[in-house]
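Protein chains: 2
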Amino acid sequence: MSHDSGTLSNMASVVHISFVLLVFELGVSSFPVGQTPDESPSCGYESCHVIKPGMLNVHLVPHTHDDVGWLKTVDQYFYGDRNNIQHAGVQYILDSVVDQLLKNPDRRFIYVETAFFYRWWKQQSDDMQATVKGLVAAGRLEFVNGGWCMSDEATTHYSAVIDQMTMGLRFLNDTFGHCGRPRVAWHIDPFGHAREHASIFAQMGYDGFFFGRLDYQDRNRRMASREQEMVWRASESLTPPTADLFTGILPNGYNPPEGFCWDQSCDDPPIRDDPDLEDYNVEDVVTRFLVIANEQATVYKTNNIIMTMGSDFQYENANLWYKNLDKLIRYVNQKQSNGSRVNVLYSTPSCYLQELHRANLTWTLKRDDFFPYADAAHDLWTGYFTSRPALKRYERISNGYLQTCNHMEVLGGPTSRKGVFGVGDSYTMKKAMAVAQHHDAVSGTEKQHVANDYARRLADGWARCQVLVSNTLAALSGSVAPRVYCEHLNVSVCPLTESSSQFSVNVYNPLARPVSWWLRIPVNGTAYTVTDADGKTVDSQVVRVSQATVAVRRGRGYAVSELSFQVRAPPMGYSTYSVSLLQMGPPDSPRPGVPKDITNKFLRVTFDPETGLLSSLHNLETKQTVRLSQNFYWYNASDGNNKDSKQMSGAYIFRPNSSTPFIISKTAKIETVQNSVVQEVRQWFSPWVSQVVRLYADSKVLELEWTVGPIPVGDDLGKEVITRLDTSINSSGVFYTDSNGREVLQRRKDYRPTWNLKQTEPVAGNYYPINSRAYIKDEKDQLTVVTDRSQGGGSIQDGSLEIMLHRRLLYDDVRGVGEPLNEISDLYPEGLVVRGRLLLSLSPPAVAADTHRPLAQEVVLQPLITFTDGKLPPNTRLEFSGLQAALPPAVHLLTVSQWDQDSVLLRLEHQFEAKESKEHSCPVTVNLQKLFTTLNVLGVAEMNLSANQWKDEMTRLDWKAESAEKPLPKTKGDPSVWEVTLKPMEIRTFLLRCLTALVCHTFIHEMLSGLWLKQSIYATC
Amino acid sequence: MSHDSGTLSNMASVVHISFVLLVFELGVSSFPVGQTPDESPSCGYESCHVIKPGMLNVHLVPHTHDDVGWLKTVDQYFYGDRNNIQHAGVQYILDSVVDQLLKNPDRRFIYVETAFFYRWWKQQSDDMQATVKGLVAAGRLEFVNGGWCMSDEATTHYSAVIDQMTMGLRFLNDTFGHCGRPRVAWHIDPFGHAREHASIFAQMGYDGFFFGRLDYQDRNRRMASREQEMVWRASESLTPPTADLFTGILPNGYNPPEGFCWDQSCDDPPIRDDPDLEDYNVEDVVTRFLVIANEQATVYKTNNIIMTMGSDFQYENANLWYKNLDKLIRYVNQKQSNGSRVNVLYSTPSCYLQELHRANLTWTLKRDDFFPYADAAHDLWTGYFTSRPALKRYERISNGYLQTCNHMEVLGGPTSRKGVFGVGDSYTMKKAMAVAQHHDAVSGTEKQHVANDYARRLADGWARCQVLVSNTLAALSGSVAPRVYCEHLNVSVCPLTESSSQFSVNVYNPLARPVSWWLRIPVNGTAYTVTDADGKTVDSQVVRVSQATVAVRRGRGYAVSELSFQVRAPPMGYSTYSVSLLQMGPPDSPRPGVPKDITNKFLRVTFDPETGLLSSLHNLETKQTVRLSQNFYWYNASDGNNKDSKQMSGAYIFRPNSSTPFIISKTAKIETVQNSVVQEVRQWFSPWVSQVVRLYADSKVLELEWTVGPIPVGDDLGKEVITRLDTSINSSGVFYTDSNGREVLQRRKDYRPTWNLKQTEPVAGNYYPINSRAYIKDEKDQLTVVTDRSQGGGSIQDGSLEIMLHRRLLYDDVRGVGEPLNEISDLYPEGLVVRGRLLLSLSPPAVAADTHRPLAQEVVLQPLITFTDGKLPPNTRLEFSGLQAALPPAVHLLTVSQWDQDSVLLRLEHQFEAKESKEHSCPVTVNLQKLFTTLNVLGVAEMNLSANQWKDEMTRLDWKAESAEKPLPKTKGDPSVWEVTLKPMEIRTFLLRCLTALVCHTFIHEMLSGLWLKQSIYATC
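If you read the protein sequences in the order shown, they are chains Y and E. The first sequence runs 4 to 1024 under our numbering. The second sequence runs 4 to 1024 under our numbering.
Since the hints were made in silico from the structure, they are not lab data. Hints may contain errors.
Pairs involving identical chains hold if they fit within one copy or between any two copies, as the list cannot separate such chains.
Claimed, not checked - Cross-link-like lysine to any residue pairs, in silico, SDA-like; alpha carbons within 25 Å at most:
#1 K136 - L105
#2 K649 - V518
#3 K106 - Q126
#4 K918 - P593
#5 K450 - V294
#6 K874 - G596
#7 K106 - D329
#8 K125 - R333
#9 K669 - F605
#10 K106 - D129
#11 K626 - P848
#12 K986 - Y636
#13 K669 - Y561
#14 K125 - I332
#15 K450 - L492
#16 K921 - L748
#17 K421 - K954
#18 K761 - D647
#19 K921 - P848
#20 K125 - I666
#21 K963 - R370
#22 K450 - D282
#23 K125 - D282
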């Protein structure tokens, strides 16, 4: 699957899911789940220690929480490098835990982060690997969660989360068989919890989910009412219990109870049980433990309680923990002979979960999410929704890159990985994206050098993918002309197009339907001829690059102008445009002054002639009009000098000094560009805030391209910059945000659905994560904003929607990162400049999703643009589509990725919610055999969402929830093996047995024609 | 041997030195050294890795340095308690090292401190003990040094050092046989090195000695001249090579070279050898290592160098060290195939020593010592010579208590440990004394709470000994009257004697000759009758307790007066005095005003009538007279605000702000007591400094009993209080101090014998440790001061001798202890008050030792005083001696201690140096069979000094030294097995096969008379 130094070929060789070829008629039930055949494991629930039913059973769960980067980079954490920053070395943790597990078969350990486990595993000897397999098979070492990382929940996109989970779980499956499959999801550290994550986990087959952080008010209420364990119904579209997830809140975050931390990093007194030495303390320890256990039992429902015995990077010297835990268990249980009713045991989250399940109780039902997270009255973790906006954007772009790279690997077959442009792979990017999902990565809550490392990894990944993409495009197009990738088009930098008089532009569209797109290519000529794949001329215009862009690009390019034209590309395919210089010379300058409006056939946008600000937005099709003014403001970040609280704004925390933001400028300096392709109103608010209001011909969407930075802090005031849209929409204290880019949740001001909120932070306490979109609406109008990255935002006033764009802070917020969020780089020594886009659409609420659903996917999976210099060779294939036809609008091609030599992972997604669209919120059926053009799909097996179980073998524990709804009867299955039906918000995951890519394609079509398809059993390709 | 919770009986059961009964004629050569019979070990030198002769061989020595108390108590260190003070847990170190040694047979580890190893060992399972025995037998785990602790060298008394070494080495011998016997002495941390320690180590059979700290000037010179390894000739009396010790200075103190510390407590980069991860650094590490190794080789003589890979409490997680060391060795040695000439190997100090020995070089000869230690120009470690004077005194008293306790255990036999007063033991005291020898214990350089712990342990030890002593005295005396121990006689506190009208006083003399002693017993009557064991009346006097004593005792007693009288006790025996009240009423008050003189038949002491200070001292026998004035002063402790250096005075460092001390008072307030028993001139210098100049009838010694404290620091000035004796003696810049209470070294002002000193601290740089005595002399007069504890002192002016008595400091001196030396207790909340005695004798130099040798031993082994209330029962045995006769004056009974059920450890010491005394510096012969009264000595075997080897099997490596002297031919052996000859400064150690104590004694004498003695072979008693 990859040439990445033998790693994946190794993975492939130990693959445990044995793929059995299907004939068309064969049902999926015959797919066996792989096992380690020479062992008869008693892992999972079978390996749990028995409890004592009449007693309070205390499940001690030894664990380590290993951040996949935070204060140190992931590799520094792995090796234990830079221990001066933080003492943490995961290689030693795994060394030590394995040693200690071997000393006492009663001991248990759970491991979570496969990014680390994978690094460790490949350095181990065969003997050690065999030893560890034994521990896993006996349930003594158990994987929980098991993704590549423990993803952030506020700022991640669901597609990247599914990818990273799939990668981690696949490694465990390949390495350990079904004993390596985690039963429990475990998000003990993320700073708030997304409903979409719960939905994903449910669909991945997890039996339960545990976390540590939730609003302190919520926790207090739940403790009092013993509602710390519940059933989370995580989708409004999917039929229960598809997205139901049993969810438990851990008693001490993820730490041990006070006084019982025996890690080398802790100072709690060890158990001193030698009466010959001073300070014998067994009685004291046992007494303290019994008090804590009995108190904890009062806030949970069953006679089983869990204690997390570990914390960040603990168990580097596991002996300290286990030696004392062994003693604790011995001495506490000894008390039973004196009448104690407390029984302590080594356990795991799944063993604890099993006992909860056996209790056969009815649990409360949770339907909303756990945002925002506050750990005290003025300590709202809503700053990280926006922290490091450039990293957040780079991560989002990279997700698109990776999907394209995956497509190219499938379309190109082996040639993609080793081709005319050398050796490439998608695996480097997969790993880079997977670590970037970590809750201190894309969240923006890591140290600066670590943020740099994540970005570097993504860049490395993309460099490896570029080779792969070039190889495939060469194979698909028949042209070996070198491909040039211009990664700074957003600031009008592309050395090739700036200097070339003739070049071509290849536009690859990773979506399953044709898209139109507007390109703006940096050039130095005044007129160009652009022709499409059919040789037809395309309307193009040259406009002067804005001064804001010149300022931002810092000498990296020298383009005077941008060449704009519209492109189209077929589904999962490309189209090629040729560009020739017609005329050199300076371009027309933009026109100064405020225009009355800009308009196309769909939209009209008006401006206030006094201020230069937007004043209204009109949907010309629907004849809707809303008042819309928009401006930029900054909140003064609290420096902690406040009578209510000393909390400062920082990477995690958003705490404005005042609920009223400062306006940056009441008026904007304006210039306007208007031509047949694009209309731009360029607004300058200050030297560090500018914006282009852009309307392309034929676009139903208004683009606001903002540029913010360097945020000045010479006044010693930290600043959190927002843009605010103030409209005439009667939003009644309500607005809407998506969860991880999928289902939308209603947000009501100063309100939480599950408890009586005491609001203490009028702004920060009303901020929510916006992953891909937010909207406000009334009965008539819905204004939807699609973002290009995750951001925080809120609706503080009716009709208003604000989005935080950038933050620059002078203080650390005392949550561990130990740095103020003050981004500076070599290129931007006076502070980072960030540019991004908000896409606005105005629709009637009932049809708004018809626009924002596909629009948001276009932003996530934007076309990949590659350039070749000069004229293309004559036989170049200028257009290609990997799909036989566009998929229906409701269907999103979520994943097409090479799985192993002869199979491909396919995920099809219904991208509409159940009641969202009259037109699209209905089941659609896709024929898998008729999907691809170059891939012959010979067999198919449906998997769970994470592709580590056959779908029909995924049997989850069932939980009773307090709910009026009765589970619907199971609806009819798919019409046939090949025709799969997708219901709203459903994602279906398939392993396709394919004859992949060009070579096979040619082979099949030219050599065998239909022969194989008529046979009932197929041999390996 | 002891009833200490089974520990020693366990030790006895695994004893490896099998004792074979001797007939009188049998030579000692037939004593076999014990082995672990079922193993054929290749430990010691045989187990070393082979070196590569043509290369630079780098011996990596993994080690941990485990202070037996410092910032935490010894038990806190063992368990890893109070890790908030310092992260350190020895139990885990040993757990971890054993695990890691098992992972790779090439790995080596050395362990040093038996106090810790013993604690760990007794908690281990049989399996683990067997495993560790295997490691020791294979030389993979090697003990070095091996004493109970790593003793301090400046402030310890040789007898306590020998005891603690013996205890540690015995445990190793009993547990591991000869593979447990350390070949190397290892004092990597003590702050300067005593010649007597080197002599002791040589006599204990060590082949070499390594240390880390020496004067920076000395080190620089030795590095330049490659003289960091040498032969230390550590005695001027003992025939070489008896006290010759090969001595090496370690390259980095005891730390690893910079950048190569891989402990969990270090931050150096680990070796990152996975090319798939970031920051691959193998080349960098190897290059840095080669540079360091080659540089180090330039300052040593051979092609072998040593690197200490460890430090304080390291290896708690040994995996970190070994994993990286394994890699270091692999990658550095891999370079040999590219021509590198550096070979790295796991090693131990003995393996390194073996290669030095094989080099067969001639080494420079060292004859003086390594005091004082300076690590920079103004950083003289001469403060700790005096730090915590009360603890130093308590340790010294406890040493005497322990010797007495040992005697009692031998004299009392099993009855002593379980008798009429219950269960007692000497082992608690032995352990307490052993840990008190540690270089952060008696040295005074520990934290206050740790100092309290040492004192508590000694008190506990003494409490256990009191039971033992009471049991034996009951058995010996035939009286079961309860014994009362008054431990505060120095401040005139003893509830029994204060209230009783009739009591008796038992005086036990642990010396081998009869002693006289003057008692001062707190009473409230005005007249008493005192009768001796023969019923004869003894002259007694009652004097009023001084106001200084009343102030110091803080309400612990209410005695108005002290009853003084002289007592005598036979060798290793007791005598009993009866005291009856004659008359109540107030005593006479002392006479105010300065007396002209006080005098007895030996001495006359005059006073200056103006000042009240001493003015002269006359020896009436020898007709010597010296001018002698004495007063008290304080140095202002540096607070670090100094242009030369920021060093402050602290627990370790003495750094006066000025070389001129402040006088406390030029005049003293005086009162005088004069009677037939004692004459006292009581001097008050200030509310916090007073003194009693005391001359007993018949005493040749003038006693100066000083009381200092609470030292006032309200002026924010740290104070270091001295007393200074200024005399007319023409001392020519020279004075003399003893080394650990034995041989005396000459000290010359601003001079070191082995290098050209650049003196930077005129006072602190001329301070030396005084363990038991110091003197100044000229051709005619020698004034010797015998101290009651270790103190620092110097002779800054000719004819002057100053001794630092007490220190109270306001700053930490940045050597780790992290506390200012500012002793405060519940009883002395405003600062500790300390009382002590200096004993002065004036003699012609040629005969001075005749006085000060026995005098110093009397101070160390003072009689034990016990009281019984009321009349003694009529049949009480009032006098007893354990010796058949007094030993000759030159012979000191250093050790009489029960070894196991039927054997006794005996050490006889010649206490004079070779040229010290015309009368006593000659060989003396003692007949072991005629030694004891109640012990029948049936066999004898001579041991090395530490009693872990048969003397005749002690074969040490021979080293060639640059010396004109040729070793003398071996002198003739002892006249017979029983008659042993002692030459000056010789200590001889014997295991006696005895029928011990009362029961056996009775049994033998009454039942068997001479029968057994005539048999040639004896069965076990």
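- [ ] Pop the pair K125 and I332 into one bin, within, between, both or neither, using alpha-carbon distances up to 25 Å.
- [x] between (35 Å within a copy, 22 Å between copies)
Task: Up to 25 Å CA-CA - V518 versus K649, copy category - done: For K649 and V518, the Cα distance exceeds 25 Å both inside one copy (51 Å) and across copies (74 Å).
TODO: Up to 25 Å between alpha-carbons, please classify K125 paired with R333: within, between, both or neither.
DONE: between (37 Å within a copy, 19 Å between copies)
Task: Alpha-carbon proximity context of K921 and L748, limit 25 Å - done: Within one copy only: 19 Å inside a chain, 105 Å across chains, cut-off 25 Å.
- [ ] Pop the pair K669 and F605 into one bin, within, between, both or neither, using alpha-carbon distances up to 25 Å.
- [x] Intra 29 Å, inter 107 Å, cutoff 25 Å: neither.
Open item on the list: Within, between, both or neither: how does the pair K669, Y561 come out at a Cα-Cα threshold of 25 Å?
Closed with: neither (32 Å within a copy, 89 Å between copies)
TODO: At 25 Å max between alpha carbons, let me know whether K125 reaches D282 within a copy, between copies, both or neither.
DONE: between (45 Å within a copy, 17 Å between copies)
Task: Up to 25 Å CA-CA - Q126 versus K106, copy category - done: Both, since 22 Å and 16 Å are each at most 25 Å.
- [ ] Could you figure out if K136 and L105 sit no more than 25 Å apart (CA to CA) within one copy, between two copies, both or neither?
- [x] both (12 Å within a copy, 21 Å between copies)
Open item on the list: I want to check one pair: K450 and V294. Are their C-alpha atoms no more than 25 Å apart within a copy, between two copies, both, or neither?
Closed with: Neither, since 39 Å and 34 Å both go past 25 Å.
TODO: Could you place K450 and L492 in one of the four classes (within, between, both, neither) given a Cα distance threshold of 25 Å?
DONE: Neither: 28 Å inside a copy, 65 Å across copies.
TODO: With 25 Å as the alpha-carbon cut-off, assign the pair K874 and G596 to within, between, both or neither.
DONE: neither (41 Å within a copy, 121 Å between copies)
Hints 2, 4, 5, 6, 9, 12, 13, 15, 17 and 20 from the earlier list are contradicted by this structure; the remaining hints agree with it.
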